[in-house]
Amino acid sequence: MTWAGGPDVGDGLVLAGVRVVELAGDPAGEMVGKLLAEMGADVVKVEPPEGSATRRIGPFAGYGVDGDHSLTFWYYNTNKRSAVVDYRTLDGQATLQGLLEDADVLITTLRPPELRALAIDFDELRAVSERLIVLSITPFGLDGPWADWLSSDLVGLALGSPLNSCGYDDHSIPPIRPGGDQGYQSAASFALIGLLLALVERQHTGRGQLVDVGMHDCLAVNAELANPYWFYPKVVVQRQTCRHAQPTPTQPAIFQCADGRWVYFVIFVAEQKAWRSLLEWIDSKGLAVDLTGEEYDDPAYRQAHFDHIQEIVEVFFMLQTADEAYHEGQARGLAIGPITSPDELLEDEHLAARDFFVAVEHDDVPPALYPGVPFRFSAHGVASLRRAPKLGEHTTEILDCIPLAAPAGSAASTGGGAR
Amino acid sequence: MRNLSDTVASRSPGRPRRGPLAGVRVADFCWMGVGSVATRLLADFGAEVIKIEDRVRIDTPRRLPIYKGEPARNFGEEAIDADPNRGGLFNNYCRNKLGVTINMRTPRGRDLAERLIAECSVVSENFAPGVMERWGLTYERLEQLSPGVIYARMSGYGHSGPHAEYRSYGPVVQAMSGLSYISGLPGREPSGWGLSYMDNQAAYYNSAALLLALFRRNLTGQGTEIDVSAIEAGVNLVGPVLLDVTVNGRSTHRPDYPTGNRLEWPNAAPHGVYPARGDDRWVAIAVFDDAQWSALVDALGRPEWARDTRFATQDSRFAHQDALDVHVAAWTRDRDRYAVMELLQQSGVPAGVVQNAEDLNERDPQVAHRGVFFELDHPVIGPAKFEGTPVQLSDTTADNWRSAPLLGEDNAYVFKQIVGFSDDEYGDLEAEGVI
Chain A
1 MTWAGGPDVG
11 DGLVLAGVRV
21 VELAGDPAGE
31 MVGKLLAEMG
41 ADVVKVEPPE
51 GSATRRIGPF
61 AGYGVDGDHS
71 LTFWYYNTNK
81 RSAVVDYRTL
91 DGQATLQGLL
101 EDADVLITTL
111 RPPELRALAI
121 DFDELRAVSE
131 RLIVLSITPF
141 GLDGPWADWL
151 SSDLVGLALG
161 SPLNSCGYDD
171 HSIPPIRPGG
181 DQGYQSAASF
191 ALIGLLLALV
201 ERQHTGRGQL
211 VDVGMHDCLA
221 VNAELANPYW
231 FYPKVVVQRQ
241 TCRHAQPTPT
251 QPAIFQCADG
261 RWVYFVIFVA
271 EQKAWRSLLE
281 WIDSKGLAVD
291 LTGEEYDDPA
301 YRQAHFDHIQ
311 EIVEVFFMLQ
321 TADEAYHEGQ
331 ARGLAIGPIT
341 SPDELLEDEH
351 LAARDFFVAV
361 EHDDVPPALY
371 PGVPFRFSAH
381 GVASLRRAPK
391 LGEHTTEILD
401 CIPLAAPAGS
411 AASTGGGAR
Chain B
420 MRNLSDTVAS
430 RSPGRPRRGP
440 LAGVRVADFC
450 WMGVGSVATR
460 LLADFGAEVI
470 KIEDRVRIDT
480 PRRLPIYKGE
490 PARNFGEEAI
500 DADPNRGGLF
510 NNYCRNKLGV
520 TINMRTPRGR
530 DLAERLIAEC
540 SVVSENFAPG
550 VMERWGLTYE
560 RLEQLSPGVI
570 YARMSGYGHS
580 GPHAEYRSYG
590 PVVQAMSGLS
600 YISGLPGREP
610 SGWGLSYMDN
620 QAAYYNSAAL
630 LLALFRRNLT
640 GQGTEIDVSA
650 IEAGVNLVGP
660 VLLDVTVNGR
670 STHRPDYPTG
680 NRLEWPNAAP
690 HGVYPARGDD
700 RWVAIAVFDD
710 AQWSALVDAL
720 GRPEWARDTR
730 FATQDSRFAH
740 QDALDVHVAA
750 WTRDRDRYAV
760 MELLQQSGVP
770 AGVVQNAEDL
780 NERDPQVAHR
790 GVFFELDHPV
800 IGPAKFEGTP
810 VQLSDTTADN
820 WRSAPLLGED
830 NAYVFKQIVG
840 FSDDEYGDLE
850 AEGVI
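Same order as they appear, the protein sequences are chains A and B. Residue 1 is where the first sequence starts when you use this note's numbering, and the numbers rise one by one after that. Residue 420 is where the second sequence starts when you use this note's numbering, and the numbers rise one by one after that.
The following block holds chain A by itself, in its conformation from the complex (with noise of 0.2 angstroms):
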């Protein structure tokens, strides 16, 4: 038995014909499945019938307010299809199971105690079909003292601990969250990590797997340089305002342009090319002042005199935009960025010229860009995107190609959909 309407095995995507069915109401277990669905899996979304809660979180396109118009639901749900099934239902579940007969993955969200009001069992969703993967993504794990807590992006990152390092030199001033929805798309990097693991193990063994990924887990190994810190010189590392975290403070590294814009730039005092390549960048403006001294050719001088080289080079990147500084420091071999707004993100000649941003096709507003595919394989092809789909866009051509468990007619129970 195979679904009708997905995209054809031979497509030479990397992941065509691998089916996956996706239950998942928060960003973590939809960005795996979209990440998925854009190298050639097809991924069925099974919404009940209110919709994924994404769907109700805004923005909204045209500032509407209806699940087919959140912003948030079409970012994260690119190249799926979605059929209503009730699956806090009986024959909902059944249905499920039906569609989990012919899947390779399932991935969820539903949190321990939203599994046990379910009723839903890991060991006996597995017992349908022995190659089926089941990829579980929730705040802390299927197991553990916290496994029952409730959490979110903000308490997510607060308790793994990325966002101690985050925020102001002025710690009055809580840390502060990095933006997007970083928590979440920390579990959904390692979720499609150990989710594509588990389909290459499969392809020795036959045999699916249960993945079990827990946010605060993911989250707890990704600050960097702070474990290490505590694990060697055990040291805490301290938030500086957009700039590593550190055992003591460090010169600033942002500094504002003509143009009120920002750029990103570290003085390795201590380097000698990187120093020489500064200086008689700043000379070349003639805005050096004292620098040229020969007593600067010596790191521990620049050391100690770092406060001063702070003020010359505030006062030299003030003098030019930031666009300006980043083409000519690049070219100078040094790196440098400009702290990009989205807004810019879609002027920048590098990534156009790459092709990246891709405009995708809406029913009810014009075609509007997107990010493209963040994997180029030379031999593989990439799928084009496609928008998210409306609820239950796709329930009949879905559900009317699975053999069903339940009862003749159940399906027509779950409601919401085209049945």
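Hints are computed from structural coordinates only; laboratory data are not their basis. Computed from a predicted model, the values in this text were never measured in an experiment. Heads up, the beta-carbon is just placed ideally off N, CA and C, and yes, glycines get one too. Some hints here could point you the wrong way.
Computed footprint of chain A on chain B; a stretch qualifies when at least three of its residues, placed anywhere within it, have a C-beta under 8 angstroms from a C-beta of chain A [as the list claims (entries may be wrong)]:
hint : region
1    : 496-510
2    : 534-548
3    : 594-606
4    : 738-746
5    : 838-852
Selected chain A positions facing chain B (Cβ under 10 angstroms, derived; list incomplete) [as the list claims (entries may be wrong)]:
hint : residue
6    : 13
7    : 70
8    : 73
9    : 291
10   : 318
With chain A's structure known, arrange chain B on it following the hints.
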């Protein structure tokens, strides 16, 4: 002195590896953060990852001054002539890999690299664009050396486009991809990131790309060149605000953006990071609906202020967050951060201590239960903790068999057993400074 004999015996290369990637051999030219973390995943799950290093240009994580038993130094403050085998960050990034040295500046070194590549089915690198080409190691050449090869190329800007040769590292990628701009309080400079988030995330995207390519090759026998740009991965992580710009034409250049710890969507309130007892101690609280709000009010002992009509509905609470936050902070300020979290979580309110690495490692019962961190011995560093790959598979476990290689530790094994040099030839490689 510690007795090293047990450690040395268990470090012998050539032990059969276990896991889904057993049998995959990787010629790994990666260095720094992104590349090393990306190929660590392969090594964790059974691949024989052979890290190729340069004795002159020592890999940065070997030099960063993160040392056991020494006072902490900021990572820019490197020691002169530091022992490359003591670096803690390198140990963290390169566990489970083999380590060899090749002098790629010599013709014999480049020849040796080609002979090693011929014995591998994956090649990985994250140099500045052009370095591998200068050594003649194009995809076409690798395909000749090892038909069906997967060639993973990891860079900031990707391998095409006008800025392909620009330099970047985590914070520059975060700046260039929008992730720093969207992070901070309104009306002031961005707070951005206090870590190289994109070194990690780009690494994970590169690990995923490698696994995708391996999955496909197992089906079809076909290899591929992979081009993952860290900046493009970063833009991909910016999220729905991008569509607010492209669909609605609503600019992010406005005085009320970004929104600090508050959400623009959905209308969560209170939603913030509140002070707790002690120096720089904080707890995050996030209330998304009426049920969580009543749970919060109950947990706080039904204070009078909570009956203020401004706080009667979720929309109204969202509209009056300044006033609401003053009350919440007044309640948290003199309380223990863990006590606040436990009380609120037991009441059904999402809340979490802003934990640091010490809290995670020494106090967090969930991390301990899940076994997120593990320990391995190292001949120079001694026992050390590691960040595990946080995925729990029911039938597969990570094969954590060895801490990071010493510089050139596996030269003899790799060049004799795998590449096939005789003892004499191997002696020549050493004598002539090829390895």
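Quick rundown of the hints versus the structure:
Three residues within the 8 angstroms Cβ limit are the bar, and the region 496-510 of chain B against chain A gives 4, so the coverage statement holds. Interface restraint, the region 534-548 of chain B with chain A: violated (0 residues with C-beta to C-beta distance below 8 angstroms; minimum three). Given as covered by chain A, the region 594-606 of chain B passes the check, having 11 residues with a CB less than 8 angstroms from a CB of that chain where 3 are the minimum. Coverage of a stretch by a chain is defined here by at least three residues with a beta carbon nearer than 8 angstroms to that chain's beta carbons; for the region 738-746 of chain B and chain A the count is 0, and the condition is violated.
For the region 838-852 of chain B, the stated coverage by chain A is not satisfied: 0 residues place a CB nearer than 8 angstroms to a CB of that chain, which falls below the threshold of 3. Below 10 angstroms, beta-carbon pairs count as interface contacts, and residue 13/A has one with chain B at about 9 angstroms; its hint therefore holds. Hint on residue 70/A holds. Least Cβ distance to chain B is approximately 8 angstroms, under the 10 angstroms limit. Satisfaction of the interface hint for residue 73/A is found here, the shortest Cβ-Cβ separation to chain B being roughly 9 angstroms, below the 10 angstroms cut-off.
Interface hint status for residue 291/A: violated, as the beta-carbon distance to the closest one in chain B is roughly 19 angstroms, over 10 angstroms. Interface hint status for residue 318/A: violated, as the beta-carbon distance to the closest one in chain B is roughly 14 angstroms, over 10 angstroms.
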